[in-house]
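Novice: What follows is each chain in one-letter form.
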Amino acid sequence: MDFYLGLLQIIGVHTLLGLSAYVVLLTGQVSLAQAGFMAIGAYVSAMLTVLAKWALVPALLTGGAAAAAVACLVGFPALRVRGLMLVVATLAFGEAVRLFFFNFDYQIAMGGIKVGPLGGEGFRQIRYFPENGWTTFQVMVFIWLTVGVVMTALWWMDRSRVGAVLRAVGEDEVAAQSAGLNLTAVKVSAMTLGGFIAGVAGGLYAHYTTHIEQGNFNVLVATFAIAYPILGGLSNVFGTLAAVVFIQGFLIEGLRFLGDWRNLLFGALIVLAMNVRPGGLLDAQTMSKGLSALRRLLDPAYGSAAARQAIDGLKDAGAMFRRLIAKWKGAFGA
Amino acid sequence: MLFIDLLQSIADGLLFGATYSLIGIGFTLVFGVMHKINMAYAAASVAGAYAGLTLLKLAGLPPLLVIIMACLAGAVFGLLTYVLCFWLIPLSHPLATLMSTVGMLLLIDEIVVHLTAGMPVNYPTVMGGMVSLGSFLLRGDLMFIFTIAVLAMAALMYLIYRTRLGLATRAVSQQPVAAQLCGMRLGQVNALTFTISGALGGIAGSLIGSAVGLLSPLLIAPLTVKGLIVTVIGGLGSIPGAIIAGLLVGAAENVFQFVRGVTERDIYVMLLLFVFLVFRPGGILGADPGRN
Amino acid sequence: MLELRQLCKHFGGVRAVDQVSLRVAKGEIFGLIGPNGSGKSTTVNLIAGLLLPTSGRIVLDGEDISSLATHQRVARGIARTFQNIRLFGQLTVWQNLWVAENRDRQQRAQPVMPRWFWGCEGDRERLGIALEFSGLAHKRDDLAANLSFGEQRRLELARALASQPKLLLLDEPAAGMNAQEIEELDARIRRIRDAGVTVLLIEHHMELVMAVTDRIGVLNFGQKIAEGSPAMVQNDAKVREAYLGTAAA
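Chains as they are written, first to last, in my numbering: chain A, 1 to 334; chain B, 335 to 626; chain C, 627 to 875.
Only chain A is shown next, with the shape it has when bound in the complex:
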């Protein structure tokens, strides 16, 4: 049972991480700094609960705020560049944060033992949950409540003017400028919001694992962060959730019986997924199909239509597969 609870915790935290990259991606920026922001949130909130004895929620919010502040500061110089330059700049920043914590010592004696972050050793004994008698189940519920709040807020934001503005900037910066939008303000805001969400994710991560070190926030994690929304598609927040469940639940845990080979499959599947569905697993077209199917399913008048829709969906998948094969054949024949 604890295994599944743990898995749910991982999925929850990674969903938050993916959502933090989702917000930034909407404006057309690829940020590989999300793991760095997560690290800042993790260390700050853990230091607050362990060293300063804060309560959890204020500590999480402060951790998020600290990450947001750093994200805002990074935003300004990094936004002088666009596209691929930004990828490199944020990648370097994320690594710099990780290396900072690799060199960061701040320990104080508490009840006979020294606690606090200690360079490469990391930060042990983040015992807020056990000390306050939380069960694993309660921790999982708390994490998913946070995920629920963030997802609802982002879903609502997507449907408000902000969503349109973020997407407009992501689609065509020149047109967005000419429609009167302040590009710097929009992009830095998105970066800051992304930083906040990543910071909260880091705080939750630190408290449920009870031990963090710089290696937990490496390039691979940053890559995961952008992989979720890209794989899931940018049409809405559920794509990101679906991608996290697919990667963390299915590829990493579900395929554990494959042993070492599972990791090989993981990279190969990403390559394959991008070849088959370059717009993401749940792109706009698929989403609108799915939504209309759902609507019909809920409407009794369309009961039989729903079944037909499901069959059509299967046919679609078959056609897609055939197209892919034809494409490969054509490519090799030519």
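Note that these hints are calculated values from the structure, not bench results. Computed from a predicted structure; not experimentally measured. From the three backbone atoms N, C-alpha and C, an ideal C-beta is built for every residue, glycine too. Don't take every hint at face value.
[What the hints assert, rightly or not] Covered stretches of chain A (in silico footprint by chain B; criterion: 3 or more residues with CB under 8 Å from a CB of chain B, positions within the stretch not fixed):
hint : region
1    : 105-111
2    : 148-154
3    : 220-230
4    : 263-271
[To be verified] Quick list of the computed label-pair ranges, beta carbon to beta carbon:
hint : chain 1 : residue 1 : chain 2 : residue 2 : range
5    : A       : F104      : C       : S774      : 58 to 64 Å
6    : A       : R262      : C       : N772      : 38 to 44 Å
7    : A       : Q107      : B       : S466      : 54 to 60 Å
8    : B       : T388      : A       : T136      : 45 to 51 Å
9    : B       : L425      : C       : S774      : 30 to 36 Å
10   : A       : R262      : B       : G521      : 48 to 54 Å
Chain A is fixed; fit chains B and C onto it per the hints.
Specialist: Chains B and C alone, transformed into the frame defined by chain A:
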């Protein structure tokens, strides 16, 4: 004495930096032609070095030829990256190729870990010894990799600026549509670019292996980051820029290590990148500041 | 209203715009014409703020706006359309209009939350008018990318109007249109003018320009060679030589 040590670390860094230049050129070549970043590049380079070593052992050739073997293997990996990550993905999805090359990076990394059981492999050191100039020492192996790297760069420059193939590459990078109308096959030029950059990567991988004395999958992540930093500092798409930036990063890295120690070294390399982004976002030789 | 004073833009050695001075009066439709490569589009981009001038001034209602960013110029009442339509294809028709910032200062003084999230009082009305004007009310929730070419042009025009500009820059709005569509465009431009918006029209299509504009400026090789009423410009010797020359010959 301190001054001599500082000079010594700069000299070592400059010599080793030539390998960063090669990696930077590989990134920049692909960017110049396709306006895409191939995140799997450094991984493919290291894999090329591994494969070169394996080929060498299988064929029982003298150690010096490991570079040529790695170059060939690297070219194959470069082409493979193109076929798997770029060929079938439409240009209208820029994020998709970024992600597919990241997938490729993970795949190559895992294959290497899997086949070597995660253990470092000893790599033949081609030339040892020291050359002393007064109180100044030049490491023979570093001199050797510097020489090979310079030769590889010269060959590349010749290829790009003196042959028809290079002309086609430059034409495609500047005006892809016009080049196509002139009868150049975009796919072929792209594939060739990946093959050439892969060959360079194989050379770079084997040089790094012989300088360090061993190969490990742990080399991949830092090499990816450093290569990208070199590319940006040099100016995206600029080959001479990448050469200068590679030497600069190599030297700066050693100076930071000398002054602040090995654990903090890379933080300052990242800061160097940010200094460039703020004050010279187009890079050393980038014409178009920060735009693509 | 709008004044260009010795405006210059050089790209390397090329003088795309060279010492151009113009005055556009409030409430008029001003045409800017010239052969290909004469610097018309560069001039529009300079006025809109996508390019910064090498030297010279751009003055709007007495205020020097030469160094302001594009969005600040929109806030001061300059909106534009593009020669090659630039809509947000993955947004709906309504969202395309919704994105456009309102110029109105009173609106800007409103609190941030409604302005960014659910819209201010009067927003719905303002955007409704723009939507009505585009004639796309029945396609409100369609993606912009799925509209026909003519509909996209209309939507782009409506988006520019949604920011309630004082000055509207139209960059070749008739490109790719047939005779009937151009007639409709003519009527639209007049309606915009009648609503109190000054229009600066850059156009290749001579019939439209001659019919709709009050005054015309002619550019050639980045320099202004003539300015005046359509009739005056048509009879100007320099213009004939540089531009209508082939037609006159």
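Novice: Hints first: check each against the structure and report whether it holds.
Specialist: Outcome of the hint check:
Three residues within the 8 Å Cβ limit are the bar, and the region 105-111 of chain A against chain B gives 0, so the coverage statement is violated. Coverage of the region 148-154 of chain A by chain B is violated [criterion: at least 3 residues with CB-CB distance below 8 Å; count 0]. With a cut-off of 8 Å between beta carbons, the region 220-230 of chain A has 5 residues touching chain B; three or more are needed, and the interface restraint holds. Coverage of the region 263-271 of chain A by chain B holds [criterion: at least 3 residues with CB-CB distance below 8 Å; count 8].
The supplied range of 58 to 64 Å is met by A/F104 and C/S774, whose beta-carbon atoms lie about 59 Å from each other. At roughly 42 Å, the beta carbons of A/R262 and C/N772 sit within the given window of 38 to 44 Å. The given range of 54 to 60 Å is broken by A/Q107 and B/S466, whose C-beta atoms sit roughly 46 Å from each other. Our hint of 45 to 51 Å for B/T388 and A/T136 holds, since their Cβ atoms are close to 47 Å apart.
For B/L425 paired with C/S774, a C-beta distance near 25 Å fails the hint of 30 to 36 Å. A hinted range of 48 to 54 Å is violated for the C-beta pair A/R262 and B/G521, which are about 34 Å apart.
Comparing the model with each numbered hint stated earlier shows that hints 1, 2, 7, 9 and 10 do not hold.
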